[in-house]
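Heads up: the protein sequence lines correspond to chains H and E, in order.
Residue numbers for the first sequence follow UniProt numbering, so the first one is 1 and each next one is one higher.
Residue numbers for the second sequence follow UniProt numbering, so the first one is 1 and each next one is one higher.
No wet-lab data here; the hints were simulated from the structure.
Each hint can be trusted.
Taking lysine-lysine pairs in the BS3-like style, the calculated list, with each CA pair at most 27 Å apart, reads:
1. LYS139(E) x LYS49(E)
2. LYS139(E) x LYS77(E)
3. LYS62(H) x LYS129(E)
4. LYS77(E) x LYS129(E)
5. LYS50(E) x LYS146(E)
6. LYS62(H) x LYS46(E)
7. LYS50(E) x LYS15(E)
8. LYS47(E) x LYS139(E)
9. LYS77(E) x LYS50(E)
10. LYS62(H) x LYS48(H)
11. LYS146(E) x LYS129(E)
12. LYS48(H) x LYS139(E)
13. LYS129(E) x LYS48(H)
14. LYS49(E) x LYS62(H)
15. LYS40(E) x LYS77(E)
16. LYS15(E) x LYS129(E)
17. LYS139(E) x LYS129(E)
18. LYS15(E) x LYS62(H)
19. LYS62(H) x LYS110(E)
20. LYS47(E) x LYS15(E)
21. LYS46(E) x LYS146(E)
22. LYS48(H) x LYS146(E)
23. LYS62(H) x LYS40(E)
24. LYS110(E) x LYS129(E)
25. LYS62(H) x LYS77(E)
26. LYS146(E) x LYS47(E)
27. LYS62(H) x LYS146(E)
28. LYS77(E) x LYS47(E)
29. LYS46(E) x LYS139(E)
30. LYS48(H) x LYS110(E)
31. LYS62(H) x LYS47(E)
32. LYS139(E) x LYS62(H)
33. LYS46(E) x LYS77(E)
34. LYS110(E) x LYS139(E)
35. LYS62(H) x LYS50(E)
Now the in silico label distances, taken between C-beta atoms and shown as ranges:
36. GLN73(H) x LYS146(E): 17 to 23 Å
37. ASN55(H) x GLU14(E): 24 to 30 Å
38. LYS62(H) x GLY123(E): 20 to 26 Å
39. ASN55(H) x GLY61(E): 24 to 30 Å
40. ASP43(E) x ASN61(H): 18 to 24 Å
Cβ coordinates follow ideal geometry from the N, Cα and C atoms, glycine included.
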Amino acid sequence: MSSSRRSRQASSSSRINDDQITDLISKLRQSIPEIRQNRRSNTVSASKVLQETCNYIRNLNKEADDLSDRLSQLLETIDPNSPQAAIIRSLINE
Amino acid sequence: MASADKPINTDVPEKDVFALHFLQSLSNLRRQNTFNSPEKTNDRVKKIKKAAYVSMARAAGGTSRLWSRALLRRAAKETNKVVRFSRRKKRVTWLRRRSNRRDPVEEEEKEAERLRNLVPGGGAMETSKLIEETAYYIKCLSMQVKVMQCLVDGLSPK
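Working from the sequences, and respecting the hints, build out all of it.
Below, the structure is given as structure tokens:
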């Protein structure tokens, strides 16, 4: 799997440089569950990180969609006298 | 030209900041009577989703990040509001697009293109900037999702 070695990036300055990749990989690794489980810590290739990132963003968007759906239903049917409504009201009026 | 040694700052605001902005957006929607009107469910959901993304952009610093700026601009366009942003170097967009078309061969660039389509305003960014914005965007997005999940949990009947 030598196709994605970092040495390729050193050639042109408009590409991602090594320092930033290292930094980013460590940052992204903390935020992305899939990569965290990957044992081969420093050999994760840049494209794999980007790929996982894309998947992660898509998942988050999907979750946001589902949650918006749920929220829409819940806010529509919320009973104005329930304790939940009171909490929301107090939070909103702050 | 590229900032070689600058560490990427990905500290995001606390969850409360996101929660507060989101609740404010929701209360605005409520004031516009979105929840009680006989609107179609789909419209309601779309409004909530848009409120989520806009409030996330505001919580994350408004116009200080490229992606949040792009989000706010997109939202403002949809509501036909007049938005004033300071002029940024639009030249970068043009240059970046040209070099993209020339050689999308390397695997990283291909993935980076896909990423560009997912991150708001990504099309205008150089790859290294894109990565920095993405790290921040991911954190904010997951924070926003957490806030929404908490709200849903809190509102669901026990």
